[in-house]
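**Student:** Using the sequences and the accompanying hints, generate a full structural model.
Heads up, the sequence shown is in this note's numbering, so the first residue is 6 and it goes up one at a time.
Since the hints were derived computationally from the structure, they do not count as laboratory data.
Please note that the accuracy of each hint is not assured.
[Claimed, not checked] Derived DSS-like pairs (lysine-lysine); straight-line CA-CA distance at most 25 Å:
1) K43 x K69
2) K93 x K82
3) K215 x K137
4) K163 x K137
5) K137 x K169
6) K163 x K215
[As the list claims (entries may be wrong)] Computed Cβ-Cβ distance ranges for the label pairs, DEER-style:
7) G118 x S157: 14 to 22 Å
8) H83 x T188: 12 to 20 Å
9) L142 x G118: 53 to 61 Å
10) G294 x T212: 47 to 55 Å
11) L142 x G180: 19 to 27 Å
12) I80 x N117: 23 to 31 Å
13) Q74 x K12: 39 to 47 Å
14) S233 x H264: 43 to 51 Å
15) N89 x P123: 14 to 22 Å
16) Q175 x T212: 47 to 55 Å
We put the CB at the ideal spot given by N, CA and C, even for glycine.
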Amino acid sequence: MHCPELKPSAHGSMSCSGPSGNSAWNSTCKFACEEGFKLNGSSELQCDDSGHWDASQPECEAIKCVAVQPPEMGIAKHSSNDTNPSFKSVYEFSCMKGYTLKGSSHIHCSSNGEWSDPVPKCEVVECHALQKPAHGLFNCSNPSGNYAWNSSCNFSCKEGFVLKGPSILQCGASGEWDGQEPTCEVVECQAVPQSEGSLMNCSHNATELKYKSTCDFACAKGYTLRGSPQIQCLSDGHWSQPIPVCEAMHCPELKPSAHGSMSCSGPSGNSAWNSTCKFACEEGFKLNGSSELQCDDSGHWDASQPECE
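**Tutor:** Structure follows, in structure tokens:
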């Protein structure tokens, strides 16, 4: 008695043996599947005395892995259009702009029906923490956490300091800020020129006059101060008052007397401090008074003007 002849199923193998041939009564056939497939049915059949196998021939079915959902803010691409991924199916993962992949970018369906790796996650990109600039302030908006992608920070400086660099920084999708961190530099006022005869004493070096620096002014002998005796560097980079000057002291202007002549000379004009004027008379006249006058540091001549008599 013989049973119908069997053939191996797709993706499977078959091994038969019997005393009177592979399909005769009492013959047995054993079945197995390739890697990635599982046997649906009995792994062993026997031909009975009625000429029938004792069970239906088993089939080899592809092992399936559970369907994969893309990570939040991520994309998952499947190697085939099959909605039920099978052995050797591959998923490739990527993240949307501003997010970075944490985990494996590729996973495949293993022969045991499990994925080779866990489904990765997409985490928001973060930039490094910023430091408040010295003498400055900053305020940040963090929509997705500390210094996350698209966060922005606004910078400003305290009174008397000026911002050097961008006033706003934004965290980019690459995890880098879109500019260099700014600094706050002290405001400087312009150098103070010294006028002739002036004496100046400043709280800082004359070439490094900064916010709140002060300069005090006085004049040398024979000069008078025009302006404030003290000026201060303000937060806007300007001096609190116009820069004062020292003007040479002047005596009243002299004119030659009748029948006389006058000759004057001085370092800052004919009537300025330390100037001298010499007097003489025409023939037949004599000088009544000093023949030479000098302008003193109080703005007066040291004697009355002489007359020719």
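**Student:** Could you run down the list of hints and mark each one as holding or not?
**Tutor:** Hints and how they fare:
Of the pairs offered as hints, the one joining K43 and K69 holds, with about 10 Å between alpha carbons and a cut-off of 25 Å not exceeded. For the given pair, K93 sits about 14 Å from K82 by alpha-carbon distance, which is consistent with the 25 Å threshold. For the proposed pair K215 and K137, the alpha carbon gap of about 22 Å is at most 25 Å, so the pair holds. A C-alpha spacing of about 12 Å is found between K163 and K137, which places the hinted pair at or below 25 Å, so the restraint holds.
Distance check on the hinted pair: K137 and K169 sit about 14 Å apart at the alpha-carbon level, within 25 Å; holds. Under the criterion of a C-alpha separation no larger than 25 Å, the hint pairing K163 with K215 is consistent with the structure, at around 14 Å. Between G118 and S157 the CB atoms are about 48 Å apart, so this pair departs from the stated range of 14 to 22 Å. Between H83 and T188 the CB atoms are about 51 Å apart, so this pair departs from the stated range of 12 to 20 Å.
Between L142 and G118 the CB atoms are about 59 Å apart, so this pair conforms to the stated range of 53 to 61 Å. Taken as a hint, the range 47 to 55 Å holds for the pair G294 and T212, whose Cβ atoms sit roughly 52 Å apart. Here the CB-CB span from L142 to G180 is close to 25 Å, well matched to the stated 19 to 27 Å. Between I80 and N117 the beta carbons are some 27 Å apart, a value that agrees with the proposed interval 23 to 31 Å.
A C-beta distance of roughly 40 Å is found between Q74 and K12, which places it inside the suggested range of 39 to 47 Å. Taking the beta carbon of each, S233 and H264 are about 49 Å apart, inside 43 to 51 Å as hinted. Our hint of 14 to 22 Å for N89 and P123 holds, since their Cβ atoms are close to 20 Å apart. As the Cβ distance of Q175 to T212 is approximately 38 Å, the hint placing it in 47 to 55 Å is violated.
Of the numbered hints given earlier, the model fails hints 7, 8 and 16; all others are met.
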